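Chemist: Going down the list, the protein sequences come from chains A and B.
At position 46 of the first sequence (counting the first as 1) the number is 46 in the UniProt record's numbering, and the numbers step up by one without a gap.
At position 15 of the second sequence (counting the first as 1) the number is 15 in the UniProt record's numbering, and the numbers step up by one without a gap.
It is worth saying that the hints were derived from the structure and are not from the lab.
Misleading hints may appear alongside valid ones.
[What the hints assert, rightly or not] Between beta-carbon pairs, the in silico distance windows are: (1) A252/A / S144/B: 29 to 35 Å; (2) T145/A / N178/B: 40 to 46 Å; (3) L225/B / D89/A: 54 to 60 Å; (4) S144/B / L124/A: 21 to 27 Å; (5) N80/A / G233/B: 54 to 60 Å; (6) D89/A / S144/B: 21 to 27 Å; (7) P244/B / T145/A: 27 to 33 Å; (8) G157/A / L225/B: 45 to 51 Å; (9) L124/A / N178/B: 27 to 33 Å; (10) T145/A / E139/B: 18 to 24 Å; (11) K215/A / E139/B: 36 to 42 Å; (12) R229/A / R239/B: 50 to 56 Å; (13) T14/A / N143/B: 35 to 41 Å.
[As the list claims (entries may be wrong)] Residues from chain A that face chain B, not an exhaustive set, calculated with beta carbons under 8 Å: (14) F40; (15) N66; (16) L88; (17) M99; (18) F101; (19) N105; (20) M118; (21) Q122; (22) V123; (23) P152; (24) G153; (25) A184; (26) L185.
Just so it is clear, the structure is predicted and the values come from calculations on it, not from any experiment.
Note that the Cβ used here is the ideal one computed from N, Cα and C, for glycine as well.
This is what each chain is made of:
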Amino acid sequence: MKAPIGAPAAAPWTPDQPIVSIRSVRKSFGALEVLKDVSFDVRKGEVVCIIGPSGSGKSTLIRCINALVPIDQGSILVENQEVNDPALDKLMLRRKVGMVFQQYNLFPHKTALQNVMMAPIQVLKQNKAEVEERARSLLAKVRLTGKENSYPGELSGGQQQRVAIARSLAMRPDIMLFDEVTAALDPETVKEVLVTIRELAEEGMTCILVTHEMKFAREIADHIYFTDRGVIVEHGPPEEFFANAKDERTRAFLGQIL
Amino acid sequence: MDLLAEWARSLYETTGINLSYIYDPWDRARFLSGLWMTIYLSVVGVIFSLIIGAVGAWAQSSPLAPVRWLVNAFVTFFRNTPPLVQILFFYFGLSPLLPRVEDPDGMMQPLLSSVQWAIIALSLFAGAFNIEIFRSGIEAVPNSTKEAGEALGYTRLGVYRHIVLPLALRVCLPALNNNLVNLLKVTSLAYAIAVPELLYVCKQIWTDRQNVPEMMITLLVVYVLLVGVLVWGMHRWERALAIPGYGQGGVR
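Turn these sequences into a full structure, and let the hints guide you.
Modeler: Right under this line is the structure:
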């Protein structure tokens, strides 16, 4: 059911409530139903990993959270704000929710530093000098000092992905979404990106990751969700999830991967 | 200048080759004003046609179907009809339908002059092609790049202005280059509605002086030089916009 237009403003969010609350979400692309009744909560500071076979709806799910993909039915609340509301202020939502993509998607005509600075200046209209200072320290944080003036085409995949992380962080989000961010990387550069994500998680950033890195998921996640064909088949804390998966599909998947 | 005029005059006296626009002050003034008019038509036409191209290409990706139809109809009309016919249509077909205005001497004048009509016709003609050219560039920008912009809070217009257009421009510069060269050359069609551009004044001069071959050669040389300057400028622009590691800007 879609939220009614002009619904009364949601109660202000307090940190004891889930920061993201997903309820009975359904999404179809034509005749293909990608998400069939998905529900879960994410609390502030939590790190959630979504795993599952290709085509199970993981990426679609994560894209629904920042309204890149509109949902057909159900409800997604981000800090008590309904994402599935036609009157939603998308900018408000996207300030809160940062996203990093599989293919980095940097802006190729801008340097690393400009990529990080663009949105705060052009979208949030923040002061240029302040933004530049913040952008430089963010690039330092992702260990890219010295690469400020390089163009994306001159950087390796891992470096580009770290610029993309810094670019999202420059908007000062409350939640970070990572959509298979290491899937396109060489094995040796995967690690440098994972280290960056781990540091973020340790600082208390709320992270929702779609990933195929099982080892990483096990180490970093507070909670793991396994999706298959549009439903959450099984979930739990990593120790429990990996040690004794109950569902047959989960076991089959983990058997292939691990 | 006097030396040059002296040389042209003696050239005429000794060989009969008559470059009257060099030694004769009246012809020189006409010639230069024609040259200036051609440059003016070209520069203004380039600017307006680029604006039409950018706005039209944006409207072409509009979620509203009627807007897209309108743009497509516009492109089809101006691409499928000869520019000379368009200029005549505007000046003789459309202009009489518009109200006339009184000038300071109390004379009733058309709302728009022939120069203004020429600019409108040329801008629309070249703009229609620019829409198609920009569209090809815009289609070359991956959806994922636009998505990244959206995820950073850009509006549709913001994504277009800050991300899509700068990238599309780099992709379509060679095609744009050709179209702008063409625009410069078709400014000569304004001759047909008595705009005193280069061809028009040259024709006036050769009618008065009977020096058709000299004026013809002059005309061709001047166009070669004008287009040369434009192409040189476009190439410099292309180089200035080249990005290391992107497109033809360098090897990855």
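Chemist: Could you run down the list of hints and mark each one as holding or not?
Modeler: Now the hints, each set against the structure:
| no. | hint | result |
| --- | --- | --- |
| 1 | A252/A / S144/B: 29 to 35 Å | holds, 31 Å |
| 2 | T145/A / N178/B: 40 to 46 Å | holds, 44 Å |
| 3 | L225/B / D89/A: 54 to 60 Å | holds, 55 Å |
| 4 | S144/B / L124/A: 21 to 27 Å | holds, 23 Å |
| 5 | N80/A / G233/B: 54 to 60 Å | holds, 56 Å |
| 6 | D89/A / S144/B: 21 to 27 Å | holds, 24 Å |
| 7 | P244/B / T145/A: 27 to 33 Å | violated, 19 Å |
| 8 | G157/A / L225/B: 45 to 51 Å | holds, 48 Å |
| 9 | L124/A / N178/B: 27 to 33 Å | violated, 40 Å |
| 10 | T145/A / E139/B: 18 to 24 Å | violated, 37 Å |
| 11 | K215/A / E139/B: 36 to 42 Å | holds, 40 Å |
| 12 | R229/A / R239/B: 50 to 56 Å | holds, 52 Å |
| 13 | T14/A / N143/B: 35 to 41 Å | holds, 37 Å |
| 14 | F40 | violated, 21 Å |
| 15 | N66 | holds, 6 Å |
| 16 | L88 | violated, 13 Å |
| 17 | M99 | holds, 4 Å |
| 18 | F101 | holds, 6 Å |
| 19 | N105 | holds, 4 Å |
| 20 | M118 | holds, 7 Å |
| 21 | Q122 | holds, 6 Å |
| 22 | V123 | holds, 4 Å |
| 23 | P152 | holds, 7 Å |
| 24 | G153 | holds, 2 Å |
| 25 | A184 | violated, 11 Å |
| 26 | L185 | violated, 16 Å |
Going through the hint list in order, the structure does not satisfy hints 7, 9, 10, 14, 16, 25 and 26.
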